[in-house]
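Peer 1: Please build the complete structure, drawing on both the sequences and the hints.
Note that the protein sequences, when read in sequence, are chains A and B. The opening residue of the first sequence carries number 347 in my numbering; numbering runs sequentially from there. The opening residue of the second sequence carries number 347 in my numbering; numbering runs sequentially from there.
No distinction is drawn between identical chains; accordingly, a pair holds when it is met within one copy or between any pair of copies.
The calculated lysine to aspartate or glutamate pairs, modelled on EDC-like cross-linking and capped at a C-alpha distance of 20 Å, are:
(1) Lys580 - Glu600
(2) Lys580 - Glu491
(3) Lys633 - Glu648
(4) Lys589 - Glu600
(5) Lys633 - Glu466
(6) Lys643 - Asp470
(7) Lys549 - Asp496
(8) Lys428 - Glu644
(9) Lys580 - Glu593
(10) Lys450 - Asp637
Simulated from the structure, these hints should not be mistaken for laboratory data.
Listed below, chain by chain, are the residues.
Number of protein chains: 2
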Amino acid sequence: MFALAGAVALLGAAPALAQDTKVIAVSIPAATHGWTGGVVYHAEAAAKEVKAAFPNIDVIVNTSPSAVAQVGVLEDLVATRKPDALVILPFTSEELTGPVQSVKEAGTFITVVDRGLTDETIQDLYVAGDNIAVGSTTAQFLLEELGKGDVVVLRGIPTVIDDERIQGFQDALEGSDIKILDIQYANWNRDDAFKVMQDFLAKYPKIDAVWANDDDMLLGVLEATQQAGRTDIKFALGANGMKEIIEKVMEGDEITPISTPYPPSMIKTAIYLTAANLNGQAPVRGKVILDAPRITKENAQEFYFPDSPF
Amino acid sequence: MFALAGAVALLGAAPALAQDTKVIAVSIPAATHGWTGGVVYHAEAAAKEVKAAFPNIDVIVNTSPSAVAQVGVLEDLVATRKPDALVILPFTSEELTGPVQSVKEAGTFITVVDRGLTDETIQDLYVAGDNIAVGSTTAQFLLEELGKGDVVVLRGIPTVIDDERIQGFQDALEGSDIKILDIQYANWNRDDAFKVMQDFLAKYPKIDAVWANDDDMLLGVLEATQQAGRTDIKFALGANGMKEIIEKVMEGDEITPISTPYPPSMIKTAIYLTAANLNGQAPVRGKVILDAPRITKENAQEFYFPDSPF
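Peer 2: Here it is in structure tokens:
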């Protein structure tokens, strides 16, 4: 009897699912480093929350360890289940533009997160942070708290993201009494940042502040500074809002009292917004550009996810 | 017994409500004309949908017939229940900026929709349409479908919104073979548009297309054109995505085959996004700028709300 009831229930449920359930496919890089680890965490959290909130929406999260693997995920999507919407954080703009175009041509709504495609007309919705503001928010803090002095800067990998952060920082300091002594690439990598900072420390006897334009690099900077026992450095700041750095901000750390967000949780914003369109026909075609406000002891809770790897 | 059980349930529910329920207050103009009628409709729909989706979020919609009344609503909010978030479409920027600032100072998250405040730093989230695109999307259609010819334009009330729409239209036509014969103000009003169009018809023996930068005005234009029996006009286009015009687009109307959205449902996007922040800590500080894509027979369903007054 129970088995039969189960079978009937299944038979009854299947057409309802096919007719009424809308599917959001989420395609993101696997957790190969801190920030993408955060993306995976928040995508999975958003999937759970959105499914609980909207019983007629299903969210399927796919992680890919490479651009080639991500292309494969998209090919599968087009071939098998045509999702109502695709939320994608592309591994690279170049390799994913064509495959995303194919998904769009199958009638799927396209939400692009963080890295834009090479052809902007493919995206229906774009969600990203503001890298200029990441730089200028940090510079503004130094202008207010330091006023004048000598600063060294560590930048990441030559990309638009990195260029914009540096430009925002430099433009905000222009004409001020804060001088940039040196800027070197450290590949958004903790070990590379450790080495670059060791060089800076050897080269410059007096450094008032350090800006590593990413919190992974900031950890390397702090290690180098501590090992050297240098006490001239008043501020060592990063960016992105990594959990360990937010904890420092919450504790009122003297050297690192602030951070600026470029939050991996933006994937969550993109998934919720796509769901708002599918559930309530809320208009979402367009652009969402998230601010990079100053994270301080007072508002740090808002940017803190104790269970996230990032 | 039932009465007692009810009382116990109430006693049990009250503290849970006070502790856990987050409140979004929505403050919007009353339904004094078509577009604001749509805003009220979509705000109430969003309140219902968001409350159903997130049992721990309450949404309270307040409509105000004037700027003074809206200021009163905000004063009440600060004095009585401090909402977790305020979603506001301000009656006017000037009169509402100070009162919204007071709500923010009480610790409330501020989402501003459509009309910005005079001080942008007050808003946490800003949701608006793209008025430049409203003009350029329309001009692009005329370039593709008309190629060359003479156009008359009706504009609304001297405001930034109106200026941007006209600028987007003019810039897109610059250097083309489409000439703007005349541009006159008609106050985003159907009757005024009827009169302005009568003047245009009397003055210009050959008009290839008319652009009224709002669908209310377009209705007046169509009436004047029909009464005059003029057959030279190939296209009469509007903007905003009013229901009556979307219906024409769906029917494949020859004179009005497209529209461009400046949707009152953007209030819905703002409410959903604010709820995403309260429910899932999704980052939403920043700006949402909605596109104004071409609404055609093929995609009109997406922009159509048969139960809305607009």
